[in-house]
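**Q** Can you build the whole structure from these sequences, using the hints too?
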Amino acid sequence: MLLAGCSGELSALDPAGPRAASLATLWWIMLGGAALLFALVMVLFGIAYLRPGWLSRITPMQWIVGGGLVLPIPILVLLTGAALVLGEQLLPKGDAPLRIEGQARQWAWSFGYPGGAGPYDGTLHMPAGEPVDIAVTSADVIHSFWVPRLGGKIDAIPGHVNVIRLEADEPGIYWGQCAEYCGQGHDGMQFRVEAHAPEDFAALMAGAAQ
Amino acid sequence: MSSVNHTVLGKRFMVVALTFFAIGGFLSMLIRAQLATPNSAFIGPEIYNQIFTMHGTVMMFLFAIPMFEGFVIYMLPKMLGARDMAFPRLTAYGFWCYLFGGSILIIALLVGAAPDSGWFMYTPLSSRPYTPGINADVWLLGLTFVEISAVTAAIEIFISILKMRAPGMSLARMPLIGWYMLVTSGMMIVGFPPLILGAILLELERAFDLPFFDPTRGGDPLLWQHLFWLFGHPEVYIIFLPAAGALSTIIPVFAQRTILGYRSIIAAIVAMGFLSFGLWVHHMFTVGIPHLALAFFSAASALVAVPTAIQIFAWIGTLASGRPRWDIPMLYVAGFFCVFVIGGLTGVMLAMVPFNTQAHDSYFVVAHLHYVLVGGFVFPMLAGIYHWMPHISGRQSLYRLSVPAFWLIFIGFNLTFFLMHLTGLMGMPRRISTYPSNWGWDWLNLLSSIGGFILTMGFCLVLADLVLQWRFGRRYRRDPWKAQTLEWATATPPAPYNFAALPRVDRRADMLEPAKIGPVLAGARAISASCAMASRKRWASTCSPASRST
Amino acid sequence: MSGANQRALVLLVAGFTIWSVGFVALYALQALGCAFGWPQHRAILIGAYVVSLLPLIWLAMMKTVREGEPATSLSVAALWANRAALASGVLVFLPVTFVSACI
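Chains as they are written, first to last, in this note's numbering: chain A, 1 to 210; chain B, 211 to 760; chain C, 761 to 863.
Because the hints were derived from the structure by calculation, they are not lab data. Think of the CB as a built atom: it goes at the ideal place given N, C-alpha and C, for glycine as much as any other residue. Be aware that a few hints might be false.
[Said to hold, decoys possible] Computed list of chain C residues with no C-beta within reach of chain B, every gap over 12 Å:
| # | residue |
| --- | --- |
| 1 | Pro799 |
| 2 | Gln800 |
| 3 | Ala803 |
| 4 | Gly807 |
| 5 | Val811 |
| 6 | Leu813 |
| 7 | Leu814 |
| 8 | Pro815 |
| 9 | Ile817 |
| 10 | Trp818 |
| 11 | Met821 |
| 12 | Met822 |
| 13 | Lys823 |
| 14 | Glu827 |
| 15 | Gly828 |
[Stated by the list, open to error] To be clear about the criterion: a stretch of chain C counts as covered by chain B if any three or more of its residues have a C-beta under 8 Å from a C-beta of chain B, and this derived list gives those stretches:
| # | segment |
| --- | --- |
| 16 | 778-789 |
| 17 | 829-837 |
| 18 | 844-855 |
**A** Spelled out as structure tokens, the structure:
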């Protein structure tokens with residue numbers, strides 16, 4: 001029910017691949033923790049006014065050390081450590097089976113496939129069920145490549161090539177967009193991502209090469 | 211016009227800053243009107259880009275920083291028991307620089323040539339090939355004046371705190387707000403030069419074609435981002451720390467006990483001041499920097515929550531161990547706790563690199579930054595306005611409008627921005643001028659827009675409340691809140707020289723009795739008549755130390 | 761300003777100033793190592809981590825008032841700030857031990 005409200009073609013909370021799913025999991029865990037901490041602070045603030053007697057025996061040192069050090073430090077160390085370990089797993093380490101070149105310009109995306117083959121239709125074609133590296137750059141200003149249901153985003157910066165690894169569980173149509181403000185056409189810089197079953201993808205590449 | 215008195219200039223700073231706040235608020239209403247419905251044709255992308263750029267620029271540079279500068283320039287000498295700031299002419303210089311620079315931007319907006327590359331002006335979009343008009347030059351030149359104004363104010367505040375304190379007020383006896391301002395002004399002195407440098411380099415690139423940021427000729431657009439955010443992140447704390455200083459002054463008054471953890475708060479402020487310079491790359495987590503480099507900034511961004519938590523719990527502890535009473539300023543302090551804690555928690559989330567790759571540049575960030583800045587600055591500012599307005603006007607609040615105004619602001623704010631967390635996670639990127647209705651963002655944006663208009667009504671009500679207070683408020687004797695800091699020992703409204711005789715402080719300066727000190731100091735006027743005369747000629751510092759008395 | 765006050769004020773910012781220097785140095789070593797492909801990149805980073813912690817440990821252990829002088833608010837705050845700087849150094853620089861340096 002709650003999750004249904006979060007679904008959408010561009011929703012990061014409606015993941016369609018393992019990488020986006022782990023990001024969504026991280027979000028739900030942090031949301032739960034944040035809700036608890038928020039409730040704790042507001043309840044203490046309320047008690048200070050409504051039932052001052054309940055807290056009057058806490059010494060200044062206990063407030064500072066308890067609330068300011070003992071409460072946040074373990075949470076932050078654990079969370080940051082876990083996020084760094086997760087970040088390591090999401091890095092494009094080693095070579096993915098497939099590397100696709102993505103180039104942004106005002107205000108469209110184009111994608112190039114290994115060997116110069118591939119359909120040049122502005123759609124990003126990729127095989128489902130395996131990780132794919134997208135090497136992103138820009139021909140003019142800074143853009144950002146973002147397919148929320150498959151993974152995070154990476155900026156397309158002129159003079160730099162940045163690599164992001166995506167993975168889709170199932171064949172299907174996904175949507176991506178430009179996330180970094182890039183001028184007047186920034187609104188319309190969406191692109192289609194089509195994930196194919198591996199054999200269909202191979203056929204598509206072979207067909208385009210001919 | 212040619213005044214150099216800190217009371218006059220402080221009020222001018224605040225009035226001009228609030229005027230810019232109204233302009234920035236009006237622009238945000240245009241933004242919300244445009245985004246209320248999908249496929250809106252209310253204002254096209256060309257105008258929309260100018261409007262959101264100017265909204266950010268006006269709020270950050272022309273409202274928030276000058277507002278607290280004005281507050282500090284007005285209040286600091288009174289709190290430290292001095293007659294004026296260290297360099298009164300520099301104060302006036304800073305004010306006119308600010309007014310001039312700000313006016314350039316507003317005039318550009320009126321003639322339709324306002325900057326349109328976003329308030330952080332990323333190159334190459336803001337470079338000449340992609341912004342051929344004068345839009346970006348307006349930003350670079352206008353804001354450089356405002357930044358010069360900020361640096362002069364920072365130097366002045368720093369020196370005034372170190373040199374102008376009343377006899378007997380050692381640093382260890384200074385009210386906490388003095389510590390907050392000492393660290394803030396130090397941060398400004400270090401933090402603003404990178405931006406001034408960046409603005410000069412970018413203007414050189416635009417005007418004389420020197421390719422600092424042009425990748426095709428050996429430059430790099432990331433250089434701009436580093437320079438901008440090396441200023442831009444400390445900036446957030448530069449805005450928050452004075453507000454926290456105001457809270458550390460207001461909360462003890464209403465808790466009816468002195469602040470708890472004075473010494474740990476000083477350590478926390480220092481920690482915050484330094485840590486906030488180790489966070490800037492968290493605005494750049496998706497630019498393709500190696501993971502280890504991101505990790506430093508991620509860890510520092512998480513860690514800066516610790517000194518913040520120390521202050522939050524010191525404030526709650528102060529209330530819990532005092533005899534808290536309820537009044538309008540405390541209403542806004544409660545609003546601060548609610549809003550700022552949410553902003554802080556989402557800040558920790560955004561500090562986590564993997565989550566940031568989803569949330570960055572989406573409406574989640576828009577929600578977070580408004581929770582932090584409105585929670586961390588606007589709510590404390592409103593608490594401060596209700597707390598110190600009687601000092602400026604000499605009249606007490608009427609209260610009829612104050613409570614409904616608070617609830618309109620509080621509900622309107624949360625309705626607007628709480629939903630934006632979800633809008634962002636559902637994929638809506640920042641700075642799009644319109645959106646089709648197939649992504650599921652329609653109802654969220656409509657509710658946000660409704661909330662925005664409720665919020666604006668609240669601010670209008672506050673304005674009406676202040677006008678009424680100014681006109682009909684009850685006059686009062688000294689120190690209406692029973693505060694224990696020196697600013698309440700002046701006459702209200704204050705005389706240009708603040709104190710006829712300078713106070714001699716024999717204990718911590720947030721444990722004084724202004725209602726008793728005030729008349730004594732004022733009564734000494736006859737004794738130190740020469741001093742008062744000199745002060746009326748706007749040169750308080752010509753007073754000889756011999757005229758000081760207890 | 762008295763001598764004790766001045767000393768306390770310097771001590772108040774000393775720890776975090778060293779932390780800042782260490783922060784910038786580690787960030788620079790990380791970038792240089794990647795740019796020039798240093799073979800012992802990780803070892804250099806960990807070495808710099810340890811070296812940057814030494815002065816922070818020394819400061820955190822140091823007495824902030826001279827013998828025979830009473831502790832003031834300022835000296836106590838300085839002690840806490842320096843301990844906080846040490847903790848910040850340990851935690852913020854810790855990723856050099858395990859996070860990928862050049863990807």
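**Q** Does each hint hold? Answer for all of them.
**A** Results for each hint:
1. Pro799: 16 Å, holds
2. Gln800: About 15 Å separates Gln800 (chain C) from the closest Cβ of chain B, which puts it past 12 Å; holds.
3. Ala803: 14 Å, holds
4. Gly807: It holds; Gly807 (chain C) is separated from chain B by about 15 Å at its closest Cβ, greater than 12 Å.
5. Val811: 16 Å, holds
6. Leu813: 15 Å, holds
7. Leu814: 19 Å, holds
8. Pro815: Pro815 (chain C) is indeed farther than 12 Å from all Cβ atoms of chain B, at 15 Å.
9. Ile817: 17 Å, holds
10. Trp818: Given a closest Cβ separation of 18 Å, the condition holds.
11. Met821: 16 Å, holds
12. Met822: 15 Å, holds
13. Lys823: 16 Å, holds
14. Glu827: Given a closest Cβ separation of 20 Å, the condition holds.
15. Gly828: 18 Å, holds
16. 778-789: holds (count 5)
17. 829-837: Satisfied; 5 residues make the cut.
18. 844-855: holds (count 8)
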